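If you read the sequences in order, they're chains B and U.
Basically this note's numbering = 1-based index in the first sequence + 1405.
Basically this note's numbering = 1-based index in the second sequence + 1405.
None of these hints come from the bench; they were simulated from the model.
Since the structure is predicted, the reported quantities are computational estimates derived from the model, not experimental observations.
Fair warning: there could be bad hints in the mix.
[Claimed, not checked] Just so you have them, the derived chain U footprint on chain B, three or more residues with Cβ under 8 Å:
no. : region
1   : 1413 to 1424
2   : 1487 to 1498
3   : 1501 to 1510
4   : 1744 to 1755
[Stated by the list, open to error] Cut-off 27 Å, straight-line C-alpha distance, at most; resulting in silico cross-link-like pairs (BS3-like, lysine-lysine):
no. : chain 1 : residue 1 : chain 2 : residue 2
5   : U       : LYS1456   : B       : LYS1523
6   : B       : LYS1842   : U       : LYS1749
7   : B       : LYS1774   : B       : LYS1722
8   : U       : LYS1559   : B       : LYS1774
9   : U       : LYS1749   : U       : LYS1794
10  : B       : LYS1456   : U       : LYS1630
11  : B       : LYS1774   : B       : LYS1794
12  : B       : LYS1641   : B       : LYS1630
13  : U       : LYS1432   : B       : LYS1559
14  : B       : LYS1463   : U       : LYS1477
15  : U       : LYS1600   : U       : LYS1470
16  : U       : LYS1840   : B       : LYS1793
17  : U       : LYS1463   : B       : LYS1477
18  : U       : LYS1794   : B       : LYS1722
19  : U       : LYS1800   : U       : LYS1774
20  : U       : LYS1774   : B       : LYS1432
21  : U       : LYS1456   : B       : LYS1840
22  : U       : LYS1432   : U       : LYS1842
23  : B       : LYS1722   : U       : LYS1800
24  : B       : LYS1774   : B       : LYS1800
25  : U       : LYS1432   : B       : LYS1432
26  : B       : LYS1597   : B       : LYS1672
27  : B       : LYS1641   : B       : LYS1470
28  : B       : LYS1438   : U       : LYS1794
29  : U       : LYS1463   : U       : LYS1597
30  : B       : LYS1749   : B       : LYS1820
31  : U       : LYS1820   : U       : LYS1840
32  : U       : LYS1438   : B       : LYS1438
33  : U       : LYS1438   : B       : LYS1840
34  : U       : LYS1842   : U       : LYS1794
The beta-carbon is built from N, C-alpha and C at its ideal position, and this holds for glycine as well.
2 protein chains.
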Amino acid sequence: MSRNITVPSILPGFMELLPADQMLFDKMISTIKSTYEKYGFLPLDTPTIEKSEILLAKSGGDTEKQIYRFNKGDNDLSLRFDLTVPLARYVAQHYNDLVFPFRRYHIGKVFRGERPQKGRFREFYQCDIDIVGNDALSVINDAEILSVIYSTFKALGFEDFTIRINNRKILNGFFEELGIEDRAQVLRTIDKLGKIGRENTVRELQEMGLSDSAVDSVMQFIEIKGSAAEVIGGLKGMNAGSPLFLQGLEELMGVLEHISYFNIPEKNYAIDLTIARGLDYYTGTVYETILDNYPSIGSVCSGGRYDSLAQNYTERKLPGVGISIGLTRLFYQLREAGILEQSKRATPTVLLVIPMRDTMGPALDFATKIREAGIAAEVYFNEGKTGKKFAYADKLGIPYAVVIGEDEVRDGFFKLKDMSTGMQEAMDLDGVISKIKNRAF
Amino acid sequence: MSRNITVPSILPGFMELLPADQMLFDKMISTIKSTYEKYGFLPLDTPTIEKSEILLAKSGGDTEKQIYRFNKGDNDLSLRFDLTVPLARYVAQHYNDLVFPFRRYHIGKVFRGERPQKGRFREFYQCDIDIVGNDALSVINDAEILSVIYSTFKALGFEDFTIRINNRKILNGFFEELGIEDRAQVLRTIDKLGKIGRENTVRELQEMGLSDSAVDSVMQFIEIKGSAAEVIGGLKGMNAGSPLFLQGLEELMGVLEHISYFNIPEKNYAIDLTIARGLDYYTGTVYETILDNYPSIGSVCSGGRYDSLAQNYTERKLPGVGISIGLTRLFYQLREAGILEQSKRATPTVLLVIPMRDTMGPALDFATKIREAGIAAEVYFNEGKTGKKFAYADKLGIPYAVVIGEDEVRDGFFKLKDMSTGMQEAMDLDGVISKIKNRAF
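Chain B with its partners taken away, still in its complex shape (with noise of 0.2 Å):
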């Protein structure tokens, strides 16, 4: 038989994992999931497809240029670049069926077609978290985003990370008062120090076309170093008179002030003047999460406050603050960085029930009651050597294993086979079933 056959693969910056970095993977989702539930965050789900009108209404820059965006009959759709225009459209659309505060998250995939290169992807999850308020949004939730932070990565294994927190204000205000007028330019180059350092900041603000008084003045105020107490000193210590300023610091202290409450250590925050976060509608606080050994791969969970999320479908002021995981770029550069734990286990497996010649029907059975006691198990069905069944059990990392021959169906006892040690014992079926619930996997 001739056949045309096409040469199986996908595209260049998609990912895709083979079934034990899948596992992980999912492992990661279904930690900060259970996370961001324990906040009281709600799930939500929006359509992948968007009518492009929606996700373009506030258009412009490199957004317009990677989306993908096509037509379909009459309809000119887009894919969802992000979850938080989305998440706009959503709380605008249904402002009368929500009860805000609105805490929604929502982990799902988002697409760009940026220019590929190593560790962007084309298409990637976001795992977001937003507070949505109705007209006023205490700032006790900007303290509460940054508790979701801590609690998600701790749980996701780091001890070593530092959740950076700016206020967009206090470097607004103080642009403001040193008459500096284009504060979004200003504001991407402070954005960059970490990236391009010292001198380069300066050589870009001076051809920004600041004064050097202004410029001494910028590279100080950014250069304000220290604990949360010292930098708050410093701050006001410049005794600086612009309302905006002032109304920054205060929400910062407000900020502080809450998160003790948290149980956060303080060696994973600090306040970093430097940081402003690309996009522009961040209108006071500001997070980046720095993995501390692992500096150069940048902010690993990012975002910030807003003043009117949803400004371009409704009059009414919504005010929000969130914060969002870009999982798939996080996977890859923890693989890449040889953090992240290479695990043998790719299946859910706990339990391999073999057969014997003949005994495939009590095998069957047996599985079975091990599944309604809640154990993943599963019966290798292949004819063959018992040795190859080990094999496959081995392979998949499947940590029991137990073969049902005609011994065990008359007796009733069952040689559990621990697979890392190799060792064996006999045991009933509840022994088994408990043996293996006492262990977690």
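The hints should help you fit chain U onto chain B, whose structure is shown.
Just chain U now, kept in the frame of chain B:
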């Protein structure tokens, strides 16, 4: 301030849920996921966007018309329209890295630009399992798939459903013997028997050019009814000589022989010789699942066996058997039929912590400890009257609330309010934790 407001809306044919329904939907997904995992199926995730040449390798008919296909740069892209074609591509592409039999589940969105109609969606979740063998795959797998369907619908809370099975070889062998050439056309007609009735089926068969005796024979054949044993008896009694027919009969008997060990009640499955499934690639066992009291919903879980899953991407013979639940449509239908519970629960939060003036700190501390005990807790941050705060708990269906006043902080005793009964009970922190942990949500 004057702004451009875009009226928020989504495209027709797309589903978006409000929080309480989203919670229910997610619960169904997690029930399906954990059932699939209990049988040792591993999670898989493939790109939403693939090369058009891959997804359309076996093109034709409705698929090609319905697919979302577009260009980005030089690439001809398509959104996946099912999870089976990506699976076929995946096993062919990663053949050397996989362990066979390869057992995977995949819960994800697929896209079909169908004409919009009630209960049909253009973006919807499929929940698939498949077992893919290397060269051979025992018929015991077909029996196990039936067991997975049974366990899944039981876990979803259904009692009265029937998994209908058949074998395509029996039908094909029978047609072969009758000298019927265009089997696909006859299969499609038989497949519609339930919908169009006996009379129309007979007429359609006659219009195909079948002799009256052939039509009689076909009708007699597909009307063999009764218990599984009775149908098998009826099939044997036909004394058919076609090798294909006999092979199909043997496979069907093999499936039945093993079903008994999976603890599936007889009322939950039946042989139905009329089901053939529209898709032409099934070659052996086929499945449909009917909710007994809502037959008009149609099959809620379907699938079957294919000899060569990945034949468009590899020369290797990779037989497979699998099923799919179209969850978005199922959810919609259950909701329409009034079967789905009406849940008040619109948040994962189990305990709302309500601070009084000046007790925000202790309230945050209290909630942190509750969360550390594994309970989803939320602090109400907005100021206002206590009644308004309880109303928030009520609107979201939060089961418990506790007010943290100055007395409570001093004494360490808290009045836990059961929001469904309004009853309050005073206890210490540990008491609150164990009280809530002893209830399932």
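Cross-check of the supplied hints:
{"no.": "1", "hint": "1413 to 1424", "in the structure": "holds (count 10)"}
{"no.": "2", "hint": "1487 to 1498", "in the structure": "holds (count 4)"}
{"no.": "3", "hint": "1501 to 1510", "in the structure": "holds (count 6)"}
{"no.": "4", "hint": "1744 to 1755", "in the structure": "holds (count 4)"}
{"no.": "5", "hint": "U:LYS1456 / B:LYS1523", "in the structure": "holds (20 Å)"}
{"no.": "6", "hint": "B:LYS1842 / U:LYS1749", "in the structure": "violated (34 Å)"}
{"no.": "7", "hint": "B:LYS1774 / B:LYS1722", "in the structure": "violated (56 Å)"}
{"no.": "8", "hint": "U:LYS1559 / B:LYS1774", "in the structure": "holds (15 Å)"}
{"no.": "9", "hint": "U:LYS1749 / U:LYS1794", "in the structure": "holds (17 Å)"}
{"no.": "10", "hint": "B:LYS1456 / U:LYS1630", "in the structure": "violated (50 Å)"}
{"no.": "11", "hint": "B:LYS1774 / B:LYS1794", "in the structure": "holds (21 Å)"}
{"no.": "12", "hint": "B:LYS1641 / B:LYS1630", "in the structure": "holds (13 Å)"}
{"no.": "13", "hint": "U:LYS1432 / B:LYS1559", "in the structure": "holds (26 Å)"}
{"no.": "14", "hint": "B:LYS1463 / U:LYS1477", "in the structure": "holds (22 Å)"}
{"no.": "15", "hint": "U:LYS1600 / U:LYS1470", "in the structure": "holds (25 Å)"}
{"no.": "16", "hint": "U:LYS1840 / B:LYS1793", "in the structure": "violated (50 Å)"}
{"no.": "17", "hint": "U:LYS1463 / B:LYS1477", "in the structure": "holds (22 Å)"}
{"no.": "18", "hint": "U:LYS1794 / B:LYS1722", "in the structure": "holds (21 Å)"}
{"no.": "19", "hint": "U:LYS1800 / U:LYS1774", "in the structure": "holds (25 Å)"}
{"no.": "20", "hint": "U:LYS1774 / B:LYS1432", "in the structure": "holds (24 Å)"}
{"no.": "21", "hint": "U:LYS1456 / B:LYS1840", "in the structure": "violated (48 Å)"}
{"no.": "22", "hint": "U:LYS1432 / U:LYS1842", "in the structure": "holds (19 Å)"}
{"no.": "23", "hint": "B:LYS1722 / U:LYS1800", "in the structure": "holds (22 Å)"}
{"no.": "24", "hint": "B:LYS1774 / B:LYS1800", "in the structure": "holds (25 Å)"}
{"no.": "25", "hint": "U:LYS1432 / B:LYS1432", "in the structure": "holds (18 Å)"}
{"no.": "26", "hint": "B:LYS1597 / B:LYS1672", "in the structure": "holds (23 Å)"}
{"no.": "27", "hint": "B:LYS1641 / B:LYS1470", "in the structure": "violated (43 Å)"}
{"no.": "28", "hint": "B:LYS1438 / U:LYS1794", "in the structure": "holds (26 Å)"}
{"no.": "29", "hint": "U:LYS1463 / U:LYS1597", "in the structure": "holds (25 Å)"}
{"no.": "30", "hint": "B:LYS1749 / B:LYS1820", "in the structure": "holds (23 Å)"}
{"no.": "31", "hint": "U:LYS1820 / U:LYS1840", "in the structure": "holds (12 Å)"}
{"no.": "32", "hint": "U:LYS1438 / B:LYS1438", "in the structure": "holds (15 Å)"}
{"no.": "33", "hint": "U:LYS1438 / B:LYS1840", "in the structure": "holds (24 Å)"}
{"no.": "34", "hint": "U:LYS1842 / U:LYS1794", "in the structure": "holds (23 Å)"}
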